[in-house]
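K.L.:
Protein sequences appear in the order of chains U, W and L. Residues in the first sequence are numbered from 483 upward in steps of one, following our numbering. Residues in the second sequence are numbered from 15 upward in steps of one, following our numbering. Residues in the third sequence are numbered from 196 upward in steps of one, following our numbering.
None of these hints come from the bench; they were simulated from the model. Treat the hints with caution; some may be incorrect.
[Said to hold, decoys possible] If the Cβ cut is set under 8 angstroms, some of the chain U residues that face chain W in the computed set are:
| # | residue |
| --- | --- |
| 1 | T538 |
| 2 | I542 |
| 3 | D573 |
| 4 | E592 |
[What the hints assert, rightly or not] Simulated crosslink set (BS3-like; lysine-lysine; CA at most 30 angstroms straight-line):
| # | chain 1 | residue 1 | chain 2 | residue 2 |
| --- | --- | --- | --- | --- |
| 5 | L | K243 | U | K726 |
| 6 | U | K770 | W | K82 |
| 7 | U | K532 | U | K569 |
| 8 | W | K40 | L | K294 |
Built from N, CA and C at the ideal position, the CB exists for glycine as well.
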Amino acid sequence: MKKNMKGILKLVMAGTLALSLAACGNNGGGTTGTNNGTDKANEGSTGGKKENITITFQNIYPDPTDPKNIIMKKIVKAYEDENPNVKIELDSLNTDQQKVKLKTQAASREVPDITVVNPAAQMKPFVDAKLFAPLNDMLDQNGLKDTFQEGILDFYSFDNNIYALPDGNNIGLVYYNKELFEQAGVKVPTTFEEMVDVVKALKAKGIQPMAIGEKDSWTGSFLFMNVLLRTNGPGFLQEVLDGKKTFEDPAFKEAADAFQNLIQAGAFQEGATSFDYNAGENLFKTGKAAMYYMGSWATGGIETSTINGKAGVFKFPTVNGKGDPNEFMLAPGSAFAISADSKHLPETKDFLNYFMINFPKETFSAKGAVGLAQKVEGDFKAAGYSDMAMEVLDMFKDVKGGDIAFDNTMNPATAQAHLTSIQNLFVKKNDAANVAKEHQTAYESNK
Amino acid sequence: MNQAAQAGAIKPSAKIKSRSKFSIGKTLVFILFGVLLVTQLYPLLWLLIYSTKTNEEILSGSFFSLPKSPQWANFQTAVESGNYFKYLGNSVFVTLVTMVCVLLLASLVSFAISRFRWKYGQVILLLFLIGMMIPMQATLLPLMLIFKNLDLLNKHASIILPYIAFQTPVAVFILSSFMKSIPNEIEESAIVDGAGVFRIFWNIILPVSVPPMMTVMILTFINIWNEYILAATFISSERLKTLPFGVNSFVSQYSVNYGAIGAFLVLGALPVVIIYFLLADKITKGMVAGAVKG
Amino acid sequence: MNVLRVSKWTIALFVLPCLLLYVCFVFVPILVSLYSGLLDWNGIGESKFIGLDNFKQMLFHDAVFWPAVKRTLMFAVVSMCIQIPLALFLAILLNRFVKKPNFLVSSYFLPAILSVVVIGQLWKTIYNPASMGGMLNQVLESIGLQSWTHSWLTDPSVAMYSLYFVAVWQFLGYHTLIQFTGIQNIPSDIYEAAKIDGAEGLKADWHITLPMNIPIIKISIVLAFIGSLQSFDLIMVMTGGGPAHATDVISTLMYNMSFLSMKYGYGSSIAAFLVVVCLVATFFINLIFNRLERKYT
């Protein structure tokens, strides 16, 4: 039935177009001449001169003033110089829009040659629909696989095939402002209970204890999951998925209670749920808030802010004496995947291989190598990385496992319900049993 | 029943401004005008100041503050990194084509619905009304499929066509209800004079319909100029992108360049504001003139 | 009765270009959406036909859905009952008291053409808590109205009203412009005639301007209704529908379901609901105004 409809649709469309073009006299088509000649490449030619091809590279580095954009353009340029027959067309979008675009494209199997996806559960629907090409051969080709950190590629693998290559690998940390801590006469907390006390002490001195950008509700979830990681140990969500536990488990409720203690102690700024990520982070970066829980990717931004030199960092402490601070919230980054339907599959693989091989080097020299998914050779200290960056890099060495974010483990619908439930805690107190129930209901109805 | 009729039949003389007896009332009215002027114009001033601030100054969120030292570099960033001129050109092109097509196509249909003697006029109108309140996001997936099959993806046509299609329902609604109000005598006398359908449409109905067409034009403009969701989904090539891409290009995953956004918005709004104020007199005059011709 | 008798070909020439375009790029996609509403589909992979299950879930079991509908309709009611009367009043005053009103009308119109990004950012700095530099709360505090201060965008009991206010403010000038155009086209002879009958000033406005302007008011009402059903951008920028769905409207909910929760089928059934709301509303608006027009003109 669908095919029939397509046929009819095409016919009707053609008619409309002819008519409406005639009616308008001047329509959009005029400006787009250059795209076609290049795409018929693969069929006829084998030897001799290489065909000109265009590879579309959808990415989330849109800001030309951002180092990542600069690095990307540099590598792309170098590749184009070496391969004059290949043109890389960059479709740079901001994160939210890229997600919508990719989902829309995926629905009609129009995925661009290279795109960006999030790890694990978030990319699973795409892999299930066989939209991505396995990259194993390309990874083995010139040792690209060995440049990646141990285990990181697991988050992008399904049935022993690797489908995407990450640009980052981060851990959840608490940044703090040393100066403000001194003013309030408090020390770096070693337990969660101390942390709540520190919050109260700061508050008493009129200092905003913590900053958060809870309009982007994943920020609160990331913190909450770290509390849960302490009360339960790693793998809670997996155990729920395996049917060994439910959200009504005591460990989950304990986490919900502890998390609410922090909120009720007045840790976060007023109106936190209307602050987006940047507005929240900015409170910390301008010295208006004393603590900030975030992934280690925030390091670079803090270094270039006004509180550079005053900022320190500590591991998320134990909760009720439980947990191991060396278990972290792990945040494997967004990753590049290649469309299974790409018209130029070998060339696209070749380009992405080149891109990933050069990515760590370029990122290192642009001082953005904290939280990279690949191993970096080079002396960070000598390259001028800050003390805080060195501290963070040292913490990476202590990582003894941990958990990944909620939406990377659970399906999107359950994740949305979770995000809502946690965001709600910033507005009003809720019984831990209720929070647990909200989660369990959402999980069961979206299984 | 209707204004167009009267406007057509009677020559409007200068409007009678009431010689107000209550000067207190008058003062109050002008205070109201003044207050509104401030609240409605302030955003533009605020945006200008905003665009010269640093990120920290902007995010600190104070309402009246001035920047410590104006960051004119924001404008340089906006123009150079934000591809201002290329995007502006594309936006102007897309918006103009859309406006012209909407006006022409919608007035043709409205003319047919409101003036022709045929059975299906009301059915056609109803069909259009259904689409009036559909948000564009709801049609992203089906449109993607359609454009894929028509090989229209990543061309200006892939946004212009839905823009036109989405604006026509409201345009048809406004224009047809206006055209309905034009008295039949006008055509009858034209027919006696031997004028054909096209001449009636072009020389009689269209000139009278200038005011509602202005409304449609402004409406179309507002909806198209800042449209991003459709554009971001169907356009991938740098050389085809429109102004909203420029604004959003300064939003990265973990950082936003607010100053550059502000500067880009100023640059995006400025041509519009200038043209609008230059044409404001003509727009209103055109409306009156249109009424006289009928 | 219309007088123009024309051939089928002429009708086709006038109607078809626009109609085909509309059918292909709006109507067909809506139909496809309606069909998707019957599917259990994440928008990417395999889909399963589940009949009316999505609709049942939406209408009877979704705790978020009806509040969102209510807020959407409230949005429409607020703009119809506050914004448009205000705009009409302004337009009358402008027409009556100002010799060269173009500058004022144009200035009032300005916020409508500014990007929502700007509007959102501006109002956030107004609505923020006082401790974060929020202008409104600081003003309230400085005049001793501490108890009136709120966390305007994050307190679920007031957040929605804060959003209504911004929308009313942003499009006030837009409706003023439309009404003003209408009033300007009322011929002055009528006022002169009325003056002889002793109707002047506000009385003349009540008996002449208002009824004469009914068709234009109808346009404003419909536009306001459409605008409020589509109030998507403003809400996304200012609250994102939060905290915890407290400011979700139909369009944000639909977006959330289709693209974030990846329940595309469910999102489509919400879109279908929107089509129905729109049909019913258009029907009633037409009904009311047809009566009014018959009565007064």
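K.L.:
So, for every hint listed, does it hold in this structure?
P.N.:
Going through the hints against the structure:
Restraint check, T538 (chain U) versus chain W: the minimum CB separation of about 6 angstroms is within 8 angstroms; hint holds. The restraint placing I542 (chain U) at the interface with chain W holds, with a minimum CB-CB distance near 6 angstroms, inside the 8 angstroms limit. Among the interface hints, the one on D573 (chain U) holds; its C-beta lies about 4 angstroms from the nearest C-beta in chain W, closer than the 8 angstroms criterion. Satisfaction of the interface hint for E592 (chain U) is found here, the shortest Cβ-Cβ separation to chain W being roughly 5 angstroms, below the 8 angstroms cut-off.
With a CA separation close to 29 angstroms, the supplied pair K243 (chain L) and K726 (chain U) stays within the 30 angstroms bound. Simply put, K770 (chain U) and K82 (chain W) have alpha-carbon atoms about 19 angstroms apart, close enough for the 30 angstroms limit, and the pair holds. A threshold of 30 angstroms between alpha carbons decides the hint, and for K532 (chain U) with K569 (chain U) the separation of about 13 angstroms falls inside it, so the pair holds. Simply put, K40 (chain W) and K294 (chain L) have alpha-carbon atoms about 13 angstroms apart, close enough for the 30 angstroms limit, and the pair holds.
When the structure is compared with the earlier hints, no violation turns up for any of them.
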